[in-house]
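Here the protein sequences line up with chains A and Z, keeping their order. For the first sequence, the positions run 2 to 347 when this note's numbering is used. For the second sequence, the positions run 2 to 347 when this note's numbering is used.
In case anyone wonders, no lab produced these hints; they're calculated from the structure. One or more hints might be untrue.
Note: identical chains are not told apart, hence a pair may lie in one copy or across any two.
As the list claims (entries may be wrong) - Heads up, simulated DSS-like pairs for lysine-lysine below, C-alpha to C-alpha not over 27 Å straight-line:
hint	residue 1	residue 2
1	K322	K174
2	K108	K295
3	K157	K295
These figures come from a predicted structure and were not determined experimentally.
2 protein chains.
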Amino acid sequence: MTQAIEYISFEEARALSLELLTLAGFSKGHAETIAASVLKAQQDECHSHGLYRLMGCVKTLQVGKVDPNAEPTVDTETPGIVRVNSHYGYSLMGFHAGLPHFIEKTKKQGVAAMAINNCFHFSALWPEVEALADAGLVSFAVTPSHCWVAPAGGTKPSFGTNPFAFGWPRAGKHPFIFDFATSASARGEIELHRRAGKPIPLGWAIDAEGNPTTDAEAALNGAMLTFGGHKGSALSAMVELLAGPLINDMMSSESMEFDDGAGVTPCHGELLIALDPQSFLGASMTESMGRAEKLFSSITDQGARLPSQRRYEARDRNKDKGLPVQAALLVDLRAMLAELKAAVPA
Amino acid sequence: MTQAIEYISFEEARALSLELLTLAGFSKGHAETIAASVLKAQQDECHSHGLYRLMGCVKTLQVGKVDPNAEPTVDTETPGIVRVNSHYGYSLMGFHAGLPHFIEKTKKQGVAAMAINNCFHFSALWPEVEALADAGLVSFAVTPSHCWVAPAGGTKPSFGTNPFAFGWPRAGKHPFIFDFATSASARGEIELHRRAGKPIPLGWAIDAEGNPTTDAEAALNGAMLTFGGHKGSALSAMVELLAGPLINDMMSSESMEFDDGAGVTPCHGELLIALDPQSFLGASMTESMGRAEKLFSSITDQGARLPSQRRYEARDRNKDKGLPVQAALLVDLRAMLAELKAAVPA
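This is chain A alone, in the form it adopts within the complex:
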């Protein structure tokens, strides 16, 4: 499935994204934070979270669950906690509303947490831990999704795909970042296999009777599996707890009930924790954080990759070339834009 790629300038892609989102009904704040996230992913050739997501954002609005004008509110009362209420808008504007307070608290206390509540979520977590790394902070981010994944030893879904992201700042270099689903695969990957009529690898899922399956259709009607057996399963439970009950928001099963078959992106919460190396290390910060480079070298010197290496290579490669976009997607996006324009009353 090779797809024709077209390069467009970052500015052109940004203008297209903003016009599309604004015409669809998103406020300036939502349009800008959504555009920034999908453009960043597109630049890194992380297509599953790139411009393609604009289609979903617009369609989700038409279903009527997401509030495109929701203004996030921020509560900074507790010394180490920033609470953002997204009021049923997308998560990204909420993240950016809380970010300056979150950075400030982390630098003051040494460690802080940010809880984002009542948000719809479709974006990757790595741009968020990267923003924190750009501010010099170490951080984690977790969020549930919809209830599709069976616990180790079980046969029925208890968890979402529950991503876990981590970011670590590196002086003068792209930060060390990972962002992975605690499920063995992404649900979208199983859907792609189903559409292509291809079998899925063993270990991704079980059928409705709990038997291992390579049939994508049976997998979608059964349950996905976590990565790493009982350890991945434990991590997935941790994500549910941290971004659910701890912050008074929905777990994957509750979010799925809330969706009630509408099939929009999950509505739930997100928890971030950040740590300030300067507060931990004081005068020894440069030397001690610098020692981390020994670990990274020991990995790359033996030919292994750091987690975000492919993304960074794409980013650097595309810096002057613009954004690589699938030609077919560009056609769809421009058609959607024309449709939205045509619908605007004269």
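Keeping the supplied structure of chain A fixed, place chain Z upon it in accordance with the hints.
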């Protein structure tokens, strides 16, 4: 390899442990915190971290690296951080010296971190996150070890076995706790296979040339693997960074150099992060934390286990029976005690 088990009372086991540790030269504070940890593990039938470890503690002292009288010092200056310097004693006394401050800060700030530096480590992390859960807190704990584990895609060790532990308090129930190595297996398990002349499962290790191996000897001379491929490998790197450079302590490779072939338990640091549900949830705490029970039921109702279920079942079973100890180990411990007693000048 069934082993004869003998039940002894908790009090008898405690007295034996304290006498052994004190005669070996440990201060009262170290003897008590070490004894408490191994007794807790023994009660839970977690034999690898139980009374068996007393032999290692005494032998490690004889090598001369660990200071059996080190008095931990605690620094609470930064609002969200407790820093404990263990001054090259065992980690457990350091943990207990910092614990009340750590709990206090977490309840005040909503989230706090505790860094334990310059400590020798042999104990499991679950008793520590359990102590925090008993105080009503959610927590994580990480620590490196010695450099034995290859990164995903690599052939040479970059990481330690790097455990990751998590604790979640449950009203009126044993807390939800997991504590797993980010390596596919424990190093001790590979050693047990070598001694028994048994092959190890594929996926645990590679030989010195980087080829998958089921030969325990070749594995010990090669490299262990992480669990869960590149995801487990990313987590293992995270543990190195958090409990190493972030807190100005040694990574697994540095700790191994420091050991310099002495073969004692690793000397390094430990990082804990705790979150206070009361600070996050206020008046809605009971209701929101109670929703976590829906997740636990959805796991156990389908016949899957919660991570620490076996330990808790053992604990409850042994409550009135006493501590189950391998008869051969009891013989060894009593012989060691007699030897230490005989060496005491009249």
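Results of checking the hints against the structure:
| no. | hint | result |
| --- | --- | --- |
| 1 | K322 <-> K174 | within (21 Å within a copy, 58 Å between copies) |
| 2 | K108 <-> K295 | within (26 Å within a copy, 36 Å between copies) |
| 3 | K157 <-> K295 | between (43 Å within a copy, 14 Å between copies) |
Checked against the numbered hints given earlier, this structure breaks none of them.
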